[in-house]
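Student: Residue numbers for the first sequence follow the working numbering, beginning at 199 and rising by one.
Just so you know, the hints here were simulated from the structure itself, not pulled from any lab data.
Treat the hints with care, as some may be off.
[Stated by the list, open to error] Under the rule of at most 30 angstroms between Cα atoms (straight-line distance), these lysine-lysine pairs were calculated in the DSSO-like manner:
1. Lys-326 x Lys-303
2. Lys-325 x Lys-303
3. Lys-240 x Lys-225
4. Lys-241 x Lys-264
5. Lys-225 x Lys-241
6. Lys-225 x Lys-325
7. Lys-249 x Lys-225
8. Lys-225 x Lys-264
9. Lys-264 x Lys-249
10. Lys-264 x Lys-303
11. Lys-240 x Lys-264
12. Lys-264 x Lys-312
13. Lys-312 x Lys-325
[To be verified] Have a look at the derived ranges for each label pair, beta carbon to beta carbon:
14. Arg-218 x Gly-266: 46 to 56 angstroms
15. Lys-312 x Ser-288: 17 to 27 angstroms
16. Gly-266 x Gly-213: 18 to 28 angstroms
17. Ser-288 x Arg-236: 15 to 25 angstroms
Beta carbons are placed, not taken as given, at the ideal position from N, Cα and C, and that holds for glycine.
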Amino acid sequence: MGRAPCCSKVGLHRGPWTPREDTLLVKYIQAHGEGHWRSLPKKAGLLRCGKSCRLRWMNYLRPDIKRGNITPDEEDLIIRLHSLLGNRWSLIAGRLPGRTDNEIKNYWNTHLSKRLLSQGTDPNTHKKLPPDNPVVVLFPKKKRKNKSTKPTEQEKPKIHLPKPIRFTSSVCTTKSSSQGGENGQVLVPWSEYINDDENRTGFLCYNDDHDLINNSDFECQSHHDHDHDHVLGAEGDSNDSLEKIYEEYLQLLKTNEDEVQLDSFAESLLI
DNA sequence: AAAGAAGCCAACCGCCAAAAC
DNA sequence: AGTTTTGGCGGTTGGCTTCTT
């Protein structure tokens, strides 16, 4: 007997999340906290699988998520951590405050692995590829959608996509404007999603198509979460944390050729 | 300007380990 | 102690966007 599905898939909404669904999920989690994902959708009034709710929250709606381009420092750290940890994205993400495992995995697959290859480094082993016998990694041609199997508009109605966009420093840099950001962005105070007694500040930033742009300005100041300030804090903390790990690693590289030390460093990251 | 290819990334899937019963 | 449930993870898919021809 196989394992029962996490939820009945019948009649459940799939695909991109709508702003309304986001709001329902955020409000529910604010009121009741994370967890109990199986029962959450029903209680929150969502026609979604619990897993889907968890994923949406973890990868997108959590107030501590940092949106924006991966910095060169972060790139470097990802590469170094990957050489130590392999494809353990959640562990790597745990060392990059505000970044999600999904984001790092995507970034690795779309940017970093290809860059390493172009530099003559095997992205799996992080060893130099022999110049006379390079490993030819063929990125399989992406399967294009078979247009004949594409669902019709009737089968799959177009859903508004609350897709975040990468932003530059010129975009949405302020949280002092409660009326709106530049270029028609709308900043929705976090307090509209949650109760005031949560003591959080910041905004969900939607553009004029209601696309969520950035929620990195949230400052989670919930009194329950002081222990997690290093994770939930402002960007300065993130950079400190990044530098700390990076310096620690560099120290080991400089002062110790002994691989055991490096191994134990890697193991310390697993804790 | 249009069509096709390639890139990007949110969301889904299936598996596994730990927790709960 | 064995079974079921749940949460979490990594791999993969596929829809949308951007680039190239």
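Student: Kindly indicate which numbered hints from before are broken by the structure, ordering the numbers from low to high.
Tutor: 6 and 14
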